[in-house]
Every structure is written in C-alpha cells, then in structure tokens.
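Here the protein sequences line up with chains A and B, keeping their order.
Going by this note's numbering, the first residue of the first sequence is number 1, and it counts up by one from there.
Going by this note's numbering, the first residue of the second sequence is number 464, and it counts up by one from there.
Simulated from the structure, these hints should not be mistaken for lab results.
Virtual Cβ for every residue (Gly too), placed ideally from N, Cα, C.
One thing to keep in mind: the hints can contain errors.
[As the list claims (entries may be wrong)] Quick look at which bits of chain B chain A covers, simulated, 3 or more residues with Cβ under 8 Å:
#, stretch
1, 467-476
2, 481-490
3, 527-533
4, 593-606
5, 619-633
6, 710-717
[Said to hold, decoys possible] Derived lysine-lysine pairs resembling DSBU-like cross-links, with alpha carbons at most 35 Å apart:
#, chain 1, residue 1, chain 2, residue 2
7, A, 103, B, 722
8, B, 571, A, 103
9, B, 741, B, 722
[What the hints assert, rightly or not] From chain B, some residues computed to sit far from chain A (all C-beta separations above 12 Å):
#, residue
10, 564
11, 569
12, 639
Chain by chain, the residues run as shown.
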Amino acid sequence: MSGIYNTINIGLSGLIAHRQALDVRAHNIANVSTEGYRRQEAILHALPGNPPPGNMNALLGGQWGAGVWATSTRHSHESFLDLQARITDAAMGRWSSIASTLKQVEAILQPAPGEDLSAQLSRFWNAWEAVAARPEDIGARYVLREQAVSLTDGLHQAELRLQSIRTDSEVAISGRIAEVNRITAEVADLNRVVSVAVAENRTPNDDLDRRDMLLNRLAELTGAMPFTSEDGGLIVYLDGRPLVQGSSSFELSFAATDDGVEIRNNYDGELVTIGNGEIGGLLNARDVAVPSYLDQLNTLASTLITEVNALHRAGFGLDNVTGRDFFAAGGEAATIALDPAIEADVRAIAASAAIDTPGDGSVALQIANLRATPTLAGRTLSDFAQALLGLVGSDVQSAERALSAYQASREQIRLQEQSVSGVSIDEELASILQSQRAYEACARVIQAGDEMLRTVIERLGVS
Amino acid sequence: MRISDMMMTNGAVYRINQASARLFRVQEQASTGLRFTSPSQDPSGAVRAASLRSSISEIERYLENTDIADARLRLTEVSVAHIGDALREARSIALSGMNDGLDDTARKSLAEQVNQISQEILRSGNAHDGARYLFAGYKLLSPPLATNAAAPPPVLYLGDRGETTLQTGRGMGVVSNVDAAELLNLGGAADPALEDAFTTLSNLSAALATGDHAAIDQAMRSLDAHFTRVTGIRGEIGARLQRVTFDRSRLEETRDMCKTLLSETEGADLAEVISQLKQEEVAYQVAVAASAMLGRASLLDYIR
Chain A
1 MSGIYNTINI GLSGLIAHRQ ALDVRAHNIA NVSTEGYRRQ EAILHALPGN PPPGNMNALL
61 GGQWGAGVWA TSTRHSHESF LDLQARITDA AMGRWSSIAS TLKQVEAILQ PAPGEDLSAQ
121 LSRFWNAWEA VAARPEDIGA RYVLREQAVS LTDGLHQAEL RLQSIRTDSE VAISGRIAEV
181 NRITAEVADL NRVVSVAVAE NRTPNDDLDR RDMLLNRLAE LTGAMPFTSE DGGLIVYLDG
241 RPLVQGSSSF ELSFAATDDG VEIRNNYDGE LVTIGNGEIG GLLNARDVAV PSYLDQLNTL
301 ASTLITEVNA LHRAGFGLDN VTGRDFFAAG GEAATIALDP AIEADVRAIA ASAAIDTPGD
361 GSVALQIANL RATPTLAGRT LSDFAQALLG LVGSDVQSAE RALSAYQASR EQIRLQEQSV
421 SGVSIDEELA SILQSQRAYE ACARVIQAGD EMLRTVIERL GVS
Chain B
464 MRISDMMMTN GAVYRINQAS ARLFRVQEQA STGLRFTSPS QDPSGAVRAA SLRSSISEIE
524 RYLENTDIAD ARLRLTEVSV AHIGDALREA RSIALSGMND GLDDTARKSL AEQVNQISQE
584 ILRSGNAHDG ARYLFAGYKL LSPPLATNAA APPPVLYLGD RGETTLQTGR GMGVVSNVDA
644 AELLNLGGAA DPALEDAFTT LSNLSAALAT GDHAAIDQAM RSLDAHFTRV TGIRGEIGAR
704 LQRVTFDRSR LEETRDMCKT LLSETEGADL AEVISQLKQE EVAYQVAVAA SAMLGRASLL
764 DYIR
C-alpha cells in the first residue's frame, strides 16, 4: 500500500540521486586534466518495486516503483589495452635509457664535428711525418710531443668519461630502485584499500585509477607486469619473485660491487635480473654497451703503444741512445703516457736508424707509415677509430628509432584509452543540464506531494 | 571515435613537439651548414667524412713536404751550379796555362787562381741552409768537407752519403739532397777510376806552377769528366724539381677532390635546407595555430 508520503519519498530519491549524479559530473570536470584519471559516470537504478514479487495481494493492483538510487562507475578499457600500454611502457623505458646513454657515448667519441680519435691520430702521424722530413729540427720534435700528449689526453678523457657514464648509471639505477620500492609499497597499500572497498560492495574508482597509473610506471621502470590471482588479489612478479602480493610488498635492494650491480629481492634475498624497463636499459648500457666501447678504446690504445714502440725501440735519438720506448710500455686508454725519457727531452725521440745520423728520419718515417698499416685485425688504427664512430652512430640511431617507434605506438594506445576514459567537458555539461532539469522536476514532484498532503489535511479535516 | 579534452590537448602537444623537433633539425642544418652534426644522424656518412678528413690532413702534410723539397732542391741547385761554374773556370785557366809564353809569375798566379777555385768549391760543398749542411747526407749538423792536413787526398768527406727522401704520397717520395762525395767524386764515390775534384785541382795547380803541359792536359781531361758529372747531377736536380711540382699539383687536385667529396658527404644543400626550413616553419605555425583554436568553442558558450 503506497501513500502520499511515498510520492514525496520518490521525489526525494530523485533529488538525492540527481544531485549525486551532478557530483559525479563535477568530479569529472574537476579532474579533466588529472593524469591517469578515468571518467566516472553515475548509474541510476530504479528502486525495486513495492510490494516485492510473491506478495499476491490483489488489492494492491500491481507493483509500484519506489524511486531511484545512484551508483558510480568508471569507464575503462578492457585489460587488453592496459597490458599493451604496459608492454609498450616497458620497452620505451628500456630504449630511452639506452638511447640517452649511447648519446653520451657518441658525444664522448665525437666532441665536435670533425674532432674524433681518427682526426687526432691523423695529426699524430702527420707530426711523425714532419719529424721524418726534418729529423734534425727540434721544433718538429716539440710539435710531435705536443700531438702525442694531446692524443693521450684524448684517450684519457674518453676513457674517464665512459667510466663516469657507468658510475652515473649506478646512481640512476639506485634512484629508480628506490622509486620501485615506493611504488610497490603504495600499490600494496592500495590493494588493501581496494579489497576492503570491494568487500563493502563499493567501487573505489579513484584508488583504482591511481593503482593503474603506478603499475604503468612500474612497468616502465622494470618491465614487471601485474596480474590478478585466483582469489582476486593483485600480484606483480619480477624475475620469478613477487614485488607485490596482495597487501604485502617486497623491497628491492641495490649494491654496486666491483663486478657489477647487484639487485636483490628481499622476498628471498636472491639476485634479481632486470632486462626490461628503464632499469633494464640502464643495466644494459652499464654492463654491455659502455664496456664494449671501453674494450675497443683499450684495444686501440694498446695497439698504438705496441706498434709505435716496436719501431721506436729500433731507432736512435739525437742523443744516440737506442732501445727506448716512445709510449710508456703496457698502457691502456686510461694510462697511456709518454716514456719519461721522451717527456724529459725531445732529443730522445728516435727518428734515425743509426748512430750519429741526425739527418736520417727513416724510423720516424716507418712510424708515420703506420697510418697505412693494417695493424689491428686487418684494419689501420684510423679505420678502427672511424669504425668505432660509425658503430656508436648506428647504435644510437637504432636505439632512437626503436624509441620513437614505441613512442608512436604508445601515443596510439593513449588515444584509444582516452577515447574511452577521458573527460569531455561538452559531454559533462550536457549531462549536468540533464541532471539539473531532473532535479528541478523532482522538486516539483515533492511540491505536488506537499500540495496533495495539504489538500488532505485542509479539506478532509474537521472544519 | 569519442574525443575527450585530454586527447585534444595531448594530441596538440604531441604534434607541436613533432613539428618543432623537425624544425629544430632543419634549423641546425641551416645554421651549421652540415647535413649531420653527430654520427647517429648518418653513421655511414660520418665514417666517410672522418676518413676523408684524415685523407685531407695527410695530403696537406705531403704538400708541406713538397714545399720543403722544393726549397732544399733549389738551394742545392744553386751550390751545384756554382761548383759547375768553378770547374769551367778552372778549365779555362788550365787552357791559358798551356801557353808557352808564360813567365814564372804568371804561372804562379794561375796556380794560385786554381787554389782559390778549389777553396770556392770547398765552401760550396759545405753550403748550409741555416739548419743543415746540404751535402752532408745524414750527418748534416757538421760540414761534410774538410781539408786534409795529411794530404793526399787534399779534402776529406765527413758525411755519410745518406739520402733524405721526402714523402709526397704513401710509399712515394723525392730525394731532396745530393751528397758531396758523389758530386765531387770524393773517394771515387761516382767513378772509382777517376780521382776526386780537389785532387784534380791540386794536380792542376802544381802542373800550372811548373808548366808541365802533359800534367795540365791530364787535369783538363779530368776536369771535363768532373764537369760532365756535375752538370748531369744538376740536370737530375732539375728533373726532381719538376717531379716535385708535378707531385704538388697532383696532391692539390686530390685534396680538392677530397674536399668536394667531404662537402658532398656532410655539407647541407643550402637551397634545399632553406626551402625545407620554410616548409617546417609553416608546419610548426599551423600546428601552433591549430592548438590555439582548441576549446575556443564549447558548450559553455551556449548555456546560460
């Protein structure tokens, strides 16, 4: 049996529901530029009719509606797009780390156009050629010594800066590990909040948005993908060990050792391998890419030392001393230096092939002609240096190409996501109008109920 | 497709970024004049450019060598010409010594003139360019010719006949010196059957002093042999100078070709770059203008 109060209650339910719907719209508009926010929508449900089915009282003449109530939901793509986005984020993270590290290597190997190791080598050979042309000329020897010093300085600088890329990577990795730990702790926290809300039959929209965003960043950092376990909880695994398991998280610890970087999971204290994401990229740059350039630089330096010294030892200086090295023996890119005797006196540079022949530059000529001698795996030192430059160039190029390909596909995925989940102000405004009108109409219903009630009270009462 | 506000702004920012990245790249090309400034922009081009630059710097070094060779050979030629002239003068003195009507004083004077010529040749053989003795071989820090107190021979060669080859290309070069032993047949360096020029001159001087016609005649024949050899060496120097000039123009041509190749490899085609710059600028302006129009119209404007 429904009465006039029922009419007023129906109106009231409408007032409440439409005001709530308006709130949801307002929330959307307020978050129009919040990153990771997914638009929400109020869903209006008709309240179950009265009386409930089964109560077969014919007098009631059927079922009467009881009004409306509102719940909110969020618009999100299926997890397929989320997965795509995270896979792309992980690859993007990896390639952006690799590309930016290789860019640094490139800048080290070619500080300015035309200023690379092969140019320095070329000047070094030219200085030997000039000594060969004027072996008695002290000035030409000074020039040679200067060129040799600038070549060794160039190698030192390159080696030092390549090493510093490695230490910089360590700092970057440890910062990112800290970020991973913050994220996993927050995700575990959100998991708890979400599971409580779900148990209470509420939809924690904003917590879910926040969690999705954190999981995207986690994928970008480590390549770790979340999945839902059988009991509905959220789990994130990295290298076979959990980072997040429902409401608990496991920290990663970071230590730089002589052999490399050690990342351990405190779930079981074991070493974790990270091959993807920004951290994976940084590890790759630190442990694979940069060391290979360092190796090549060292090969170049030690071949230069061995080849020049072998010829130089056979020659005689202006001081008639023979058997001396030009470069201090046994050096690599970091340690290549002139022999102390040469550093002390340019007369010690052995240009001639015999004693007391200051005008003979034949040994200097042999050394100058090393420029055309394939001393390094069938290549000349200059060819080797040039190939090194070409190698870093094509490495950077392919890393940048991969990065921009992933960026473009991420942009596509973002568009698809936003097409579904993004807020459109026009749309919200239209809905607001709708809610506003409905609210006004509900108010009219209450007014009508009120008037009916007054009719009852005033006309049917004792006069 | 449903379009949200974030899509509009993100899309606009993305497109502006793309347009400005392209604009930046072209601006860089225009302002540096280079098609690429880092190897990653064109790895194979960078390798080619580095190799061409090495070749150019190598060629420039060889060009310096041609200058050095040219200067040395010219200086050497002057001294050799001098020696040739002196030998010819000695011969004409010898000829006048064949005259029977000469008295003792005249003969002594002729002998003395020959001694002077011998000294002159000695000085020419010890010619110096400020840094090195031209005819000393590798022992170029000290004079190659010295009078021998314990004659004969009257003059000793102290040099080592070392040949200084200046490279004018990989594996090719020009010998930039002449040694005095070869020039003056010291120690029979050029012709073991013949005595050296100083011995010839000292024999001539002695023969002139005594009026020994047979000895004068003998010395004259030797002088002729010396003169022919010196003239031959002079011709050889001329040939080497020609070779240097030829090498220089070959090197200059190669260098210019390398420079052309280098600018083709790494140089930006300015006409093309500028028209590209114009294009990219317009594209950028359009992207910016399109973004400025974003959200200008909205439902907000129509509801009161």
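Hint-by-hint comparison with the structure:
1. Residues of the stretch 467-476 of chain B with a Cβ under 8 Å from some Cβ of chain A number 7, which satisfies the need for three, so the listed coverage holds.
2. With 0 residues having a Cβ less than 8 Å from any Cβ of chain A, the stretch 481-490 of chain B misses the three-residue criterion, and the hint is violated.
3. With 3 residues having a beta carbon nearer than 8 Å to a beta carbon of chain A, the stretch 527-533 of chain B meets the requirement of three or more and the stated coverage holds.
4. Chain A is given as covering the stretch 593-606 of chain B, and this holds because 8 residues of the stretch bring a CB closer than 8 Å to a CB of that chain, at least three being needed.
5. Chain A is given as covering the stretch 619-633 of chain B, and this holds because 7 residues of the stretch bring a CB closer than 8 Å to a CB of that chain, at least three being needed.
6. Interface restraint, the stretch 710-717 of chain B with chain A: violated (0 residues with C-beta to C-beta distance below 8 Å; minimum three).
7. Annotation: proposed proximity of residue 103 of chain A to residue 722 of chain B holds, straight-line Cα distance about 28 Å (limit 35 Å).
8. The hinted pair formed by residue 571 of chain B and residue 103 of chain A fails the criterion: a straight-line CA distance of about 88 Å is larger than 35 Å.
9. Under the criterion of a C-alpha separation no larger than 35 Å, the hint pairing residue 741 of chain B with residue 722 of chain B is consistent with the structure, at around 29 Å.
10. Remark: the non-interface label on residue 564 of chain B is consistent with the geometry, its nearest Cβ contact in chain A lying 51 Å away (cut-off 12 Å).
11. Once the 12 Å rule is applied to beta carbons, residue 569 of chain B is consistent with being away from chain A; the minimum gap is 45 Å.
12. Remark: the non-interface label on residue 639 of chain B conflicts with the geometry, its nearest Cβ contact in chain A lying 8 Å away (cut-off 12 Å).
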